[in-house]
Amino acid sequence: MAQISIEDLVKTFGGYTAVSGINLEIRDGEFLIMVGPSGCGKTTTLNMISGLEMPTNGRIVIGGTVVNDLEPGERGLGMVFQDLALFPHMTVFENIAFGLRIKKVPDDEVRARVNAAAAAVHIQALLDKLPRHCSGGESQRVALARTIVTNPAVFLMDEPLSSLDAKLRVDMRTELKSLHKRLGATFVYVTHDQAEAMTMADRIVVMSKGRVEQVGTPLEIYNRPATRFVAGFFGMPTMNFLEGTVEANDGARRFRMAGLEHPLPDAVPAELAGRMVVLGVRAEHVLVGDDAAHPGTAQLTEPLGDATLVHFDSGQGIRLVAKIGPATAIQPGSLLKFRFASESCHLFAVEDGARLF
Amino acid sequence: MTAATLNPEQARARRIRRERVRRIVRHAILLSWTAIIVFPIFWMISTSFKDTGEWVTWPPRWLPHAPTLHNYAQIFAFSSMDPSLSRQAAEQAFSIWKGLGDAVLVCTIAALLALLLGTFLAYAISRFNVGGKYFRYTTLTIRMIPPIVVAISILIYYAVLIPYATSALFGTRISLFDTYVGLILIYTVTTLPFVIWMMLTFIDEVPYTLEHAARLMGAGRITVIRRVVLPLVASGMVVTFLFVFILNWAEFLLALTLTHPEVTTLTVLLNKFQSASEGRLYGPQAAIGTMITIPVVVLGIMIQKHLVKGFSFGTIRR
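Just so you know, the protein sequences line up as chains A and B, in that order. Sequential numbering of the first sequence, starting at 1, is according to our numbering. Sequential numbering of the second sequence, starting at 1, is according to our numbering.
Since the hints were derived computationally from the structure, they do not count as laboratory data. No experiment lies behind these values; they were computed from the predicted model shown. One should not assume that every hint holds.
[Unchecked claim] Here are the simulated distance ranges between beta carbons:
{"#": "1", "chain 1": "A", "residue 1": "15", "chain 2": "B", "residue 2": "168", "range": "37 to 45 Å"}
{"#": "2", "chain 1": "B", "residue 1": "142", "chain 2": "A", "residue 2": "56", "range": "32 to 40 Å"}
{"#": "3", "chain 1": "A", "residue 1": "209", "chain 2": "B", "residue 2": "146", "range": "53 to 61 Å"}
{"#": "4", "chain 1": "B", "residue 1": "117", "chain 2": "A", "residue 2": "352", "range": "19 to 27 Å"}
[To be verified] Listing some non-contacts, in silico: residues in chain A with all C-beta distances to chain B over 10 Å:
{"#": "5", "residue": "74"}
{"#": "6", "residue": "169"}
{"#": "7", "residue": "235"}
{"#": "8", "residue": "295"}
Glycine is no exception: its CB is placed at the ideal position from the N, C-alpha and C atoms.
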């Protein structure tokens, strides 16, 4: 069983608090991805799970055992590092075999298990090479094989794909996901790349400033972000944010700011009436067309192939982004009309960014 | 003609001419400096092949008139000595063997000791920040103390205080003066800062994630150092060892103050030929000087490239 419980975990470095009181349940066999901007505490949290950092406070329980005082090697974990950390003076074979050699596994078994691990990630041909003679993708697989070979119940990964080029990264994403399925182990994965988080994770933990902002499935995170930070962090391009007040007239809720009005769903609680809020609208929910109500001026277009991003000025000096079909031709400087899809909007508190609706 | 009126062709020619003059001046300065540095070495080698009469002739002979190996034969001679008179006999026979043996023994053991201690100290400083942020610089300042300051006080310890203290406390007089242990100790101490400094630059380059990876696979601290860190800094250790060996090999002042006649390193032996008791035997002296210089030059060339890295004060990275 490789369930991990993190209880009130705190880590401070001198006067700096890297992780401030995290609680997290990582389920057995889950692919959990911790994501957030640099310095949000995700790597520190991972290092505390691995035992490379000592928690200042709190407990870490792996498979029912409190591991706070256990050495990294005694926790039954495998880890893939950002720089892969392959031993440059050992062949690929010896790199993979290292963990088994430490555990004094007999030679025959070492050979069999290394070959099996190499086969699992398709690198049998590299076993006699030195790491410096492997390409980026190959090194990546060697690092994976080295982790697989000891059969850990938990795999920790610290931005393992960040050194790869874009194309390879996408391929490795698919491969990691299928590896997770095959092994059935618990994966805890750290990244700052929202695309990696969205595509691979069973659940995502969004962190910011040493705190957990939200835990949820990729679609929950995308469709119902718990805070303004999460809403802004996920999605390309970044969500549009507008500050204004909620009005409730005869049961109909509206969002109003200078020169802009937007009908809100009826489900928006009446208590919000009169309150200053932040309205969040994703670019794909900004609709551009002649039937729309509000005028704007296109400033910049970014064709993506399957869609085009239009950055435009909504008239009040507020810049918004819309994601429109690739066929719609809008030139920079031209006038357009826009509106928001009324069902797909998010309301956040101005003060702390908490989700109101 | 002003720059504005020059056409591009002329401007280019002028730039090339100026560059050429600069190059000639630069090389002239470097060549004359090289001549100044190399001349004593040339003179030493030349003298080592001269016969007695040519050592101090005037006008000087640049090259030996009739080159002879007599000086070398003399210093490499194995004289059959009466064991009871061994010390005096060795002194009479200008033989290099005793000095060579002592120098190799002392320099090797001292360099190995310093390397062993220094490597582990450097590891501690690099990984655990022992002594704080500036400790590595502080270590190096130890080398700024003039050796003569140390020499006299160490002499007092070795020849007076330690013998007195040991005889008072334990009843046996233990003196470090003129002993292998004494010289090895002082060489180990004086070269330790260099070892720490050089090994720091090598150990700093080993990514700590390698150690983390090894520890996660179950390796203890000692195993991590033995299987991961040391193999990666092995070439650095060889370079450091050779560098420290050369330092010890060429050391004169401490050896002169703290040893002789029982322990005699080559530099001290060399000095003997200038003393009143031996006269001025330039030929054998030059031959010994040449023999001392050869390993320094060979080792120096071997580690030259790495020394730049080791002493670049962390500013040059691969």
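Evaluated hints:
| no. | hint | verdict |
| --- | --- | --- |
| 1 | A:15 to B:168: 37 to 45 Å | 53 Å, violated |
| 2 | B:142 to A:56: 32 to 40 Å | 37 Å, holds |
| 3 | A:209 to B:146: 53 to 61 Å | 54 Å, holds |
| 4 | B:117 to A:352: 19 to 27 Å | 56 Å, violated |
| 5 | 74 | 7 Å, violated |
| 6 | 169 | 20 Å, holds |
| 7 | 235 | 32 Å, holds |
| 8 | 295 | 55 Å, holds |
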